[in-house]
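Asker: In case you want the letters, here they are:
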Amino acid sequence: MATHAAFMPGEAAAAPSGLWSWITTVDHKRIGILYGTSAFIFFLVGGIEALIMRLQLAAPDNTLVGAQRFNELFTMHGTTMVFLAIMPMSAAFFNYMIPLLIGARDVAFPRLNALSYWVFLAGALLLNASFVVGAAPDGGWFGYATLTSKQFSPGQSIDFWVLGLQILGLSSLMAGFNFIVTIVNMRAPGMTLMRMPVFVWMSLVVQFLVVLAFPAITVALILLMFDRFFGTLFYAPAAGGDPLLWQHLFWIFGHPEVYILILPAMGIVSEVLPTFARKPLFGAPVVIYSGIMIGFFGFGVWSHHMFAVGMGPVADSAFSIATMLIAIPTGVKIFNWIGTLWSGSIRFTAALYFSLGFIAMFIMGGLSGVMHASPPVDLQQTDTYFVVAHLHYVLFGGSIFGLFSGAYYWWPKITGRMLDERLGTLHFWLMLIGFNVTFFPMHYLGLIGMPRRIYTYAPDLGWNFWNLVSTVGAFLIAVSFLVFIANVWKTMRAGAVASPDPWDGRTLEWAIASPPPVHNFGVIPTVHGRDELWLQKHGDGHGGTPAPRPPAPTRQDLASIHMPPPSYWPILLAASMLFMMSGALISIYQVVLGGLLTLYCMFRFALEYHRPHPQESLR
Amino acid sequence: MSLQTLQGVWWKKVDASEKMWIGIALVWCLILFAMMPLWHLKGGQNPSFETYRTTPEQFLKKVEAFVAAGPKAGEEKGLPVIAPDPKTEVYMLGRLWQWYPTLKLKKGETYRLHLSSMDLVHGFSLFPLNLNFMVLPGYEYVLTITPTTTGEVFVVCNEFCGIGHHQMVGKITVE
Chain A
1 MATHAAFMPG EAAAAPSGLW SWITTVDHKR IGILYGTSAF IFFLVGGIEA LIMRLQLAAP
61 DNTLVGAQRF NELFTMHGTT MVFLAIMPMS AAFFNYMIPL LIGARDVAFP RLNALSYWVF
121 LAGALLLNAS FVVGAAPDGG WFGYATLTSK QFSPGQSIDF WVLGLQILGL SSLMAGFNFI
181 VTIVNMRAPG MTLMRMPVFV WMSLVVQFLV VLAFPAITVA LILLMFDRFF GTLFYAPAAG
241 GDPLLWQHLF WIFGHPEVYI LILPAMGIVS EVLPTFARKP LFGAPVVIYS GIMIGFFGFG
301 VWSHHMFAVG MGPVADSAFS IATMLIAIPT GVKIFNWIGT LWSGSIRFTA ALYFSLGFIA
361 MFIMGGLSGV MHASPPVDLQ QTDTYFVVAH LHYVLFGGSI FGLFSGAYYW WPKITGRMLD
421 ERLGTLHFWL MLIGFNVTFF PMHYLGLIGM PRRIYTYAPD LGWNFWNLVS TVGAFLIAVS
481 FLVFIANVWK TMRAGAVASP DPWDGRTLEW AIASPPPVHN FGVIPTVHGR DELWLQKHGD
541 GHGGTPAPRP PAPTRQDLAS IHMPPPSYWP ILLAASMLFM MSGALISIYQ VVLGGLLTLY
601 CMFRFALEYH RPHPQESLR
Chain B
1 MSLQTLQGVW WKKVDASEKM WIGIALVWCL ILFAMMPLWH LKGGQNPSFE TYRTTPEQFL
61 KKVEAFVAAG PKAGEEKGLP VIAPDPKTEV YMLGRLWQWY PTLKLKKGET YRLHLSSMDL
121 VHGFSLFPLN LNFMVLPGYE YVLTITPTTT GEVFVVCNEF CGIGHHQMVG KITVE
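Protein chains in written order, with the working numbering: chain A, 1 to 619; chain B, 1 to 175.
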């Protein structure tokens, strides 16, 4: 890596430091770290909620928490894990990795990117503030009408949920547009669409899903907000409204949302497997097409969440067949991953273990998914613990395993330190065993009739033993995350320093220092094929000469790099938005004041102008 | 679709065994798809999805008329037990947090069971039979049912309906 001597570790240490630099940062790498850290904290919060629920369900007729607290716990567990843990954890990788993978210096709209993060944090804080004031949402993460109406939920709990989700939706939409523009416009020269790493492709599909699916829930939430705040009757059956409308609007968002949660993990696995099998991704174009197809079909299957509402056999059959069709591109991907591993020269690292865990667990979750794609089967399984088992196999066994594979894979790049592989492997095995002990018995519990969302159950129903097993498993998962935290703690203090390319990687991020300098690339690389770095290091494997490496940056190159300057308007705009939205719970005057403040901040944000500083040069 | 020209003969002809496996997979897919209409038409596995629009008040009137008409077979936990004549219209409603009324049906007889909700979305699931059906307010569902075993069947609400969700258990006795 002699040509990159100018970017050895130490260069990045010159980046500005201190709390203020983090608050005003527009650097995609720092925003990625902020996203990842916040998401992990909320992941732990959601996990603690899950542990309390498992303790409550460990024994029949248990009274650890009451019905009300239990309803709050499962509502907040679902909402937290979907919107505050998995989505922002994916966003952390989008932010940090996409510009590095496509050879860009930042995202297309760096300040908008910062705004996305701060708005996300505002929504997350508003949602969790409900615990502090004792009005945590208790209507389920799906918030089915008419339970969410003022009549049946008179307090402020559902208001917190509605407002929190609206703010989070805003953040996702802004990030979605930002990344679409970034991926379409900011690729390095030579990086055609089909040369893009598969993770970037999956991210692009996810951004389109976000941009097309979030408006549906925004509309649903606005109708609900009108019902609750202004007395309209969109979902009230007594006045001719229709509670079924909510279910349709929610699930036409909710099903693409499932793919928003899983596709980033699929992208990560598609990066990790080729690196550690030391083979190119098997059938990469087909993996990409499959991802696009999954995203496309994702909009045509929402009613499979509603087979039991009596839509009629024609609608049920159509949605059932569409749902089964999704299994085809998903199966194609799984075969491609296995094909990538086939006769590869495999190195078993923690990152690879998590990817393998992803494939195995996701297959099981996918199979139980195809089971209730069939309406007659679904009518026996819907709203039982079988569905709880299925969704955790795809979201925990799928998304979380995939995201942690990414964390272990890119950790050296992001922090400049290697994680301890032995602790990482221990984390994996504890998590895999704990996960299966927790969720596999739920299949059985569901089939013998245990309904979801009950806070306790009678001792004579035959559910006692497997519920206890499930609780034991949940604590095993908790222990595995303690191992992860210990690993991070240990290696941040005294871990081995990571080289720029510790895994012998294939993609552009491994061509630069770990952690990367503020400007990422001294000279924007020219791309000659998929797996550009591999081509530079080893050639195409057919005896051709290796692709040329980008020249070492000259002083002039470095001096001409212009990076976006920091801005405090993103956090101010997000704060004033939070002030306005929380006003809906307190006083109309606060809404008006907050609205004016938001408008002011928007104008200042939009008109912010930076004169290039005469001495501004590369830090 | 490859963006690099690959050198030499890099591909193999599709093997006969691969063709066979693709064929088997294709046939299996077609069988799976054919099972869907078969389940519905021959197996009688799907509910009939006979659905009408109603309002909670209208449905409540019908249920009260049904309970008043009887014949009443006692009272259980404060709810009337109705033993309707075979081949008649039978009504049951879900509301916070009970299934009303309790029913007593005869084995081997066919009934038309009308379901609706007064307030929230409830789930009509029969324990331990594992049949699930969502009951929404504003919709009247008709299930044609023929009990085939005797005993007590519990109607467990399986759609989350607030704080009393876990207590919402109704009963159908078959004799």
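I should point out that these hints are in silico values taken from the structure, not numbers from a laboratory. Hints are supplied without guarantee of correctness; some may be wrong.
Said to hold, decoys possible - Residues from chain A that face chain B, not an exhaustive set, calculated with beta carbons under 8 Å: (1) GLY312; (2) SER317; (3) PRO451; (4) ARG452; (5) PHE475.
Because the structure is a prediction, the values reported are computed rather than measured. A virtual CB, placed ideally from N, CA and C, is assigned to each residue, including glycine.
Asker: Would you mind marking each hint as holding or not holding in the structure?
Answerer: Now for the hints, and whether the structure bears them out:
no.: 1; hint: GLY312; result: 4 Å, holds
no.: 2; hint: SER317; result: 6 Å, holds
no.: 3; hint: PRO451; result: 4 Å, holds
no.: 4; hint: ARG452; result: 7 Å, holds
no.: 5; hint: PHE475; result: 24 Å, violated
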